[in-house]
Structures are given as C-alpha cells and as structure tokens.
Amino acid sequence: MSFTAVLRDDFTNSRRSYVVLGVIGALTAFVGLIVYQVADYQADAFRALVDVSFFFFLVFPLILIPLTYLAVAGDRERGSIKHALGLPNTRAEYVAAKFVSRASVATVAVLVSTFVALVLGAVFYTDPVDPLRFVTFAAITALFVVSLTAVFVALSTVTSRRSRAMFGVIAAYFVLGPFWFGFLPVVNLQTIVDTVADLLGVTVSDETFGYLQFSSPTTAYLAGLEPVYEGVVGNGEYPRIDQNYVDETDALYTNPWYSWLVMTAWGAVALVASYARFRVAELG
Amino acid sequence: MAAIETNALNKRFGEVHAVSDLDLTVESGEVFGFLGPNGAGKSTTINILLGFLSPSSGKVRVLGKDVTEQSRAVRQRLGLLPEGYEPYPNLTGREHVQSAIRSKGADDDPDALLDRVGLDLDDAGRPAKEYSTGMRQRMTLAVSLVGDPDLLIFDEPSSGLDPDGVSLLREIIREETDRGATVFFSSHILEEVEKVCDRVGILNEGELVALDTIDNLRDQVAAGATVSATLDAVPDPLEVESVDGVRTTSVDGDTVTAECTTGPAKMAVLRRLDERATVEDISIDEASLEALFEQYTNGSGDGEATAEADRGTESTTAAAATGGESA
Numbered sequence: 001m002s003f004t005a006v007l008r009d010d011f012t013n014s015r016r017s018y019v020v021l022g023v024i025g026a027l028t029a030f031v032g033l034i035v036y037q038v039a040d041y042q043a044d045a046f047r048a049l050v051d052v053s054f055f056f057f058l059v060f061p062l063i064l065i066p067l068t069y070l071a072v073a074g075d076r077e078r079g080s081i082k083h084a085l086g087l088p089n090t091r092a093e094y095v096a097a098k099f100v101s102r103a104s105v106a107t108v109a110v111l112v113s114t115f116v117a118l119v120l121g122a123v124f125y126t127d128p129v130d131p132l133r134f135v136t137f138a139a140i141t142a143l144f145v146v147s148l149t150a151v152f153v154a155l156s157t158v159t160s161r162r163s164r165a166m167f168g169v170i171a172a173y174f175v176l177g178p179f180w181f182g183f184l185p186v187v188n189l190q191t192i193v194d195t196v197a198d199l200l201g202v203t204v205s206d207e208t209f210g211y212l213q214f215s216s217p218t219t220a221y222l223a224g225l226e227p228v229y230e231g232v233v234g235n236g237e238y239p240r241i242d243q244n245y246v247d248e249t250d251a252l253y254t255n256p257w258y259s260w261l262v263m264t265a266w267g268a269v270a271l272v273a274s275y276a277r278f279r280v281a282e283l284g
Numbered sequence: 285m286a287a288i289e290t291n292a293l294n295k296r297f298g299e300v301h302a303v304s305d306l307d308l309t310v311e312s313g314e315v316f317g318f319l320g321p322n323g324a325g326k327s328t329t330i331n332i333l334l335g336f337l338s339p340s341s342g343k344v345r346v347l348g349k350d351v352t353e354q355s356r357a358v359r360q361r362l363g364l365l366p367e368g369y370e371p372y373p374n375l376t377g378r379e380h381v382q383s384a385i386r387s388k389g390a391d392d393d394p395d396a397l398l399d400r401v402g403l404d405l406d407d408a409g410r411p412a413k414e415y416s417t418g419m420r421q422r423m424t425l426a427v428s429l430v431g432d433p434d435l436l437i438f439d440e441p442s443s444g445l446d447p448d449g450v451s452l453l454r455e456i457i458r459e460e461t462d463r464g465a466t467v468f469f470s471s472h473i474l475e476e477v478e479k480v481c482d483r484v485g486i487l488n489e490g491e492l493v494a495l496d497t498i499d500n501l502r503d504q505v506a507a508g509a510t511v512s513a514t515l516d517a518v519p520d521p522l523e524v525e526s527v528d529g530v531r532t533t534s535v536d537g538d539t540v541t542a543e544c545t546t547g548p549a550k551m552a553v554l555r556r557l558d559e560r561a562t563v564e565d566i567s568i569d570e571a572s573l574e575a576l577f578e579q580y581t582n583g584s585g586d587g588e589a590t591a592e593a594d595r596g597t598e599s600t601t602a603a604a605a606t607g608g609e610s611a
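One line per chain: the protein sequences are A and S, in this order.
FYI, this note's numbering numbers position 62 of the first sequence as 62, with every residue one higher than the one before it.
Just add 284 to wherever you are in the second sequence, counting from 1, and you've got this note's numbering.
One thing to keep in mind: the hints can contain errors.
[Unchecked claim] Chain S residues, not near chain A, derived (Cβ > 10 Å throughout):
no.	residue
1	T309
2	P321
3	G342
4	D393
5	G402
6	E414
7	D446
8	G464
9	T541
10	E543
11	R556
12	V563
13	I568
[What the hints assert, rightly or not] Partner residues aside, some chain A positions facing chain S, computed with beta carbon under 8 Å:
no.	residue
14	S2
15	A5
16	D9
17	T12
18	N13
19	R78
20	G79
21	S80
22	L87
23	P88
24	T90
25	E282
26	L283
27	G284
For the record, the hints were derived by calculation from the structure and aren't laboratory data.
Ideal Cβ positions, reconstructed from N, Cα and C, are used throughout, including at glycine.
Same shape as in the complex, but just chain A:
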C-alpha cells in the first residue's frame, strides 16, 4: 500500500515534468534518425540495431541522467522527503518506489523507440523485418537501462545534495562507459590495467582482461546483444557484427547470459548497497 502510494506520487510528479517527455522524445527521435539513415546503405532493418545499440551505450546514459540523479537527492535537498517519510512509508518502500518509477520511464522510452525503429524498418528497408530481433533487442536494452537506472538512483540515494548526485552519476557514466569500453585512446581501462601490471611486474592474460572488460554494465550490454544477430554472426555477411560477436575464446564472459547476469548484478548490488546506507542515513 505504501509502496504504491510513493510510486504513484513519484510517477505522477515526474510525468508532469518535461523530463519524461524529454527522455522518451529525445530517444525516439535519435533512434528514428539512425534507423532512417542506415536504410540508405543496408537492406536488413536489424542491421541498424548495431548503430542504435552504440547510441544506447554512449548517449542514452546522458539522457537518463536528468531522469534519475535527483530521484532521492532532490527530495532530500528540497525537504520533500519529509512528506513521504513523515507518513508510514518505510525507507525501503521509498527507495524501491523511486527506482521502479524512474526505471519504468526508461523502459517505456526503450519500448517506444524500438517500436518506432521497427515501423521505420518495415517502411524504409527492402528486406522483410524480423520482429523477433526487435523484441529481443528491446528486452536486452530494457535490462541495460534498468541496470543503469538502478546505479544512478543508487548514487542519488547516498547523497543529500543535488550537486554531489550530479557529479556522481556523470562520473559513473564516464567510468562505466567510455573509460571501460576504451573509447578514449589513453584514458581507458586497458591503459590502467597495463600500467598496474607493469608496476607489479605481472602479466594479465587476455582472458582475465576479458572478464574485467565485460564486468561493466555498458560493455556487458553490447556483448549481451548477441542473440539479436542470431544466425548471421560469423557468416561473413555483416563484418561489423562478426567483429563484435565472433569469439576467439570460449571463456564464460563470451556467453550472452554472462552479460545479462553482469547487468542484473550491477543494478541489484547498487540498489542494495545504497539502501544499506540510506537505511541508517541521518535525514533532516
């Protein structure tokens, strides 16, 4: 009863702000643009999902930030938290409702944008669209955004100032995304691991580094999308898909389920750890 009361309040309050509309609108517009552009040089609509997934990996977390970073920190700074917690709502219900509310919006954004991609695929691509690939893509992407929402809401839960929450989620985005993936030439995980290994005089095997590299929710997301390309991975038709998903090792981290587990674990651990701190936090 209390959980649904907090959830309803938060969802209604968010829905009436421009944030929800902005998140869903921006995501749908970008995804639509990508799918439309890829139609110029690809016949299969699902091929556009490779580009869409990189957009989700690199840009969508930034769109997610305004939706999540004030979830709890904003209430604490404004004092609105006294409304929810002055009533017989527990702190666990409060945090859970905040997470579910924000994750619902993020998931709806994924579903709407993927549906638009499917429709555009049917209209602009020459080959018939395979809806199952889009459904699979939507499901795995939803898991990713829910995981990332959990991380961002968790950071918002452990801070009482909006400025700290903002800094926290931006830092998390950079470290878990561009840094972990190796997007930048020097400031990346590979450089750090190599430097530490050199200092310690040890060698890090490719397999060990592979486990490390796929332990971020963002890299796990890209790896976990492999079932979307079921049947075409390794057949040479799509070099970029082969490059991403043809494995040179049979280590556990090459299995899609491992990536799904990584995303799930990040979300769950972030929420549980932040709640453990929030449960005893001094409010007021």
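Take the given structure of chain A and dock chain S to it, following the hints.
This is chain S only, laid out in the frame that chain A set:
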C-alpha cells in the same frame, strides 16, 4: 500513557552536542509548546521523534513505542507539519492529501480536509509549485490531519499564514485536542505558543532549561507583571516599595508604576494606593512569554535550569529564576 517521552536523550554531530540529556514528557491530550532560539536543538529533537535521526544515546518513546525500532507504527498514528518543506511541485494539493490517505490506509475525504484548513477547492486542484507559502502551509496542515492522528507535530505551523490562517490553526488545534489528540507545537512566534499551549519546554544550547505552564514559569523567573495606576494625586511618601513582592516602582506625572514579582503583589499594590489616594485608572501588563524566553535563553540564569520532567509536580527548579530576580 505519555505521548512523548525522552530519557537522557543525546544527539551529537561530531563535536557538536545538539541535544544534551533531554528528559521530556508530553502527556496525552495536552498542547505542548517547544521553544528555543535558532540552533537550540528543537529541529534535531523533532527529527529524532520522527525517526529521521538516530539518537546518540538515550531513550525515545512516542505513543508508547520506541521510535528507533517502531518508527513506522509511530508515523501511522502521527500527523506532521514539518518546517523547511517543499511539496512535490507537480502534484496538486488534493493529491498530496490523497497520498497521505493512501499511505495511512485512511478513509478521509480529501476535499473535506482541504476545506477544513481553508484551502479553496479550485486551488486544491492546482500544482503545489504554484502555491504561496501560506497555501502550502494549509495543504500540509490538511495532510497532517489525515487519519485522525493521536499526535500532531507542528514545526513552525504559523509560518506564512495570514491572521485568518493563524486563527484557523488555533481553532483546529482546539478541535484536535477536544477529540483527544496531543499537539507538540514548536514555534518562534511566542504569542502563538502562549495562546494555545498548556505547557512549554524551553530548549537552549541543546538543554531543557524550563518545563512548566507559562504562569508557573512567570512565577519562577519572577517576571510577574507591571501594575500602573493613575491617581488623583501621587502621595508622598509613596510607600509602595515596601509591599511584599514589589521589585521597583516609578512615578510619571500622576501615574505610579510598580513591577511585581508575584501575583498577590499586584492586588496588594492597588490596595495600598487605594488607601492613600483616589485611583482613577489602572492597567496590568503580564510579563510576556518573550520576556520569559529572553530570561531563560540569554544566560541571565546561566542556562542551568533543572527541568522537573514529572508533570505531576508541575514545577521547575530554575536557576534562571535566580537570574530573573536580578534582571
């Protein structure tokens, strides 16, 4: 059963001792005024009562339950009007009240509650971000009344209210206590406290320096009252200074003014003047709560008053009273 009971309650923030050995009992059905200057520890105490902060040491029971272990059960029976609170900007006033109704599992009519606190029903459908401070305060008052709580904690409830709102607040407090609720009333507006509270506690630098009825506190700090009488002719010698309980006297034209430290002294002064002249007019100014507050918190009593928390005795041995004598 006491509505609020703290025993040796302490709260420290690092080196800062926000609340020190607070022993406080608020009985069911009373309106208790909680006073103190900024930084005295009032908000900290309230936050502990609500379970927002954990005590560093000591016991806190609200409505018979330990707030550190049964905070939710306490809040089920409690109504809160917090200070420094911003509502959810995009929820309407009605939705805030409905939220409280849902959380408490109550069956109140939100519009009836909003009407009771004087919030226009058209305004109740507007987002709270468009509300003035007074409207927000009325809305929060309605939220606090959901579910007929056994204990109402009002932190600066008059803040932002117009005179009509303040009057309505007093009426609501009276109605709530009539049905048996307890009201814990923290405010800087001493006049309001004086009008509605049965007893007051004064907190200074984290310590309870006074706990009693306002009348008893007046007696204890010897703040008493000022008696002014206009006479047909001022007698010479005046012979009012010798009346027991008179601290000082002064003459301005035909008006004699005597500062009395006890209640009986007021009548004794008037009798003495009536024996020696024709009294044409009189006025009596009771010491304001503000004056009492000043005496308890400005160090004239060294802030070392010992609060007698046992309500049965209704007494406070206040070192401040000694200070009051010389003030």
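Is S:I568 truly not at the interface, in the sense that its beta carbon sits beyond 10 Å from all beta carbons of chain A? Holds: least Cβ distance 43 Å, greater than 10 Å.
Holds or violated: A:G284 as interface residue toward chain S, Cβ cutoff 8 Å? Status holds, d = 4 Å.
Looking at S:G464 again, its CB stays over 10 Å from all of chain A? holds, 20 Å
Quick check for students: does the CB of S:D446 sit more than 10 Å from each CB in chain A? With a cut-off of 10 Å, S:D446 remains clear of chain A, as the shortest Cβ separation is near 22 Å.
Quick check for students: does the CB of S:V563 sit more than 10 Å from each CB in chain A? Given a closest Cβ separation of 55 Å, the condition holds.
Interface hint for A:A5, Cβ within 8 Å of any Cβ on chain S: holds, 4 Å
Closest CB-CB distance from S:E414 to chain A, is it above 10 Å? Given a closest Cβ separation of 12 Å, the condition holds.
Is the shortest C-beta separation between A:T12 and chain S less than 8 Å? Constraint on A:T12 satisfied, holds at 6 Å.
Non-interface claim for S:T541 versus chain A (Cβ beyond 10 Å): Non-interface label stands for S:T541: nearest chain A Cβ at 47 Å, farther than 10 Å.
Let me know if the C-beta of A:L283 comes in closer than 8 Å to any C-beta of chain S, holds or violated. Holds. Min distance 4 Å.
Restraint satisfaction for A:N13 [CB to CB of chain S, less than 8 Å]: Interface hint status for A:N13: holds (4 Å vs cutoff 8 Å).
Confirm or reject: S:T309 is not an interface residue toward chain A, with every Cβ-Cβ distance exceeding 10 Å. holds, 23 Å
Violated hints are absent here; each numbered hint is respected by the structure.
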